[in-house]
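> Letter by letter, the chains look like this.
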Amino acid sequence: MSYQQRNVTVALVTHLLIAAYFVINWLTMYTTGGLVDKKVFGLWLTVIIATIAVTIFGTILASIVGAIVHAVKTRSDKPEQFIEDERDKLIDLKGTRVSYITFSIGVGLAMLSFVLKQPALIMFSIIILFSLLAEIAGDISKLVRYQKGV
Amino acid sequence: MTKPHIRNNIRKLRFNHDEMTQEELAEKAGVTRQTIIAIESAKYSPSLELAFKIAAVFDVPLDEVFTYEIQEAFE
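Residue numbers (this note's numbering), protein chains in the order written: chain A, 1 to 150; chain B, 151 to 225.
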């Protein structure tokens, strides 16, 4: 597994965990009738901050663990090379395209919910959910392309 | 019409160059080993620049490394 694949895997796990946290909390609020501004804003804030923080620390941790595993496997003190070549850039671009398409679908659904006279909280919750789903879809796309070749 | 296909002789050329490893070739061409693996197994078609770099590593013309199957592509 290359450096880039490892980073994408860490990002995927992170996004899956945060999306699960968001969905579980949101559904709990919705079913218990606690879908009020204050609680929902708090949940959004937690999700956005957690996404940024966990992604940064996850990447740092993955790099440290990866460097240790590389040193143990190769039995040398020569550091692992972190080259990003043309294939990595192409895979990254294609993954980003999948993310944008998924997010666009989410924005469309959010607009539709507004047209159907749903509260603004539902609309913004759909946007937040699809921003996470877009990241997940992009990460999965990248991992599949790394396995396939491109 | 089938998908255009680019074949390569990288495995043979590596063998002829003292069994050069994929890691060594990757280092000389300035890419990752995973990219060399993908090119060698015809899963990824490199850019023209990278194709020339690989040919330069083996010190052979480009058409000795890569061949494009025109017939198959336009059937």
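No lab work stands behind these hints: they were computed from the structure. Built from N, CA and C at the ideal position, the CB exists for glycine as well. Some hints here could point you the wrong way.
To be verified - Only pairs whose alpha carbons sit at most 20 Å apart, straight line, appear in this in silico EDC-like list of lysine to aspartate or glutamate:
(1) B:193 - A:37
(2) B:203 - A:85
(3) B:178 - A:84
(4) A:78 - B:199
(5) A:89 - B:209
(6) A:89 - B:190
To be verified - Residues of chain A placed beyond 12 Å of chain B at every Cβ, according to the derived structure:
(7) 1
(8) 82
(9) 90
(10) 146
(11) 147
(12) 149
(13) 150
> Hints first: check each against the structure and report whether it holds.
Results of checking the hints against the structure:
Taking the CA atoms of residue 193 of chain B and residue 37 of chain A, the gap is near 50 Å; set against the 20 Å cutoff, the hint is violated. Distance restraint check for residue 203 of chain B and residue 85 of chain A: the Cα-Cα separation of roughly 13 Å lies within the 20 Å cut-off, and the hinted pair is therefore satisfied. A hinted pair counts as satisfied when its Cα atoms are at most 20 Å apart, and residue 178 of chain B with residue 84 of chain A qualifies at roughly 15 Å. In summary, the hint linking residue 78 of chain A to residue 199 of chain B is not supported, as the alpha carbons are separated by about 28 Å, beyond the 20 Å threshold.
This hinted pair does not check out: residue 89 of chain A and residue 209 of chain B have alpha carbons roughly 27 Å apart, beyond 20 Å. Proposed proximity of residue 89 of chain A and residue 190 of chain B is supported: the alpha carbons are some 19 Å apart, at most 20 Å. The beta carbon of residue 1 of chain A is not kept farther than 12 Å from every beta carbon of chain B, the shortest such distance being approximately 9 Å. Distance check for residue 82 of chain A against chain B: the nearest CB is about 9 Å away, which does not clear 12 Å, and the non-interface claim fails.
Consistency note on residue 90 of chain A: stated as away from chain B, yet its beta-carbon is not over 12 Å from all of that chain's, at 9 Å minimum. Look at residue 146 of chain A: its CB is around 7 Å from the nearest CB on chain B, not clear of 12 Å, so calling it non-interface is violated. At roughly 9 Å, the least C-beta separation between residue 147 of chain A and chain B is not larger than 12 Å, which violates its mark as non-interface. A cut-off of 12 Å between C-beta atoms contradicts the statement that residue 149 of chain A is not in contact with chain B; the least separation is 2 Å.
With a least beta-carbon separation of about 5 Å from chain B, residue 150 of chain A fails to lie farther than 12 Å from that chain, contradicting its non-interface assignment.
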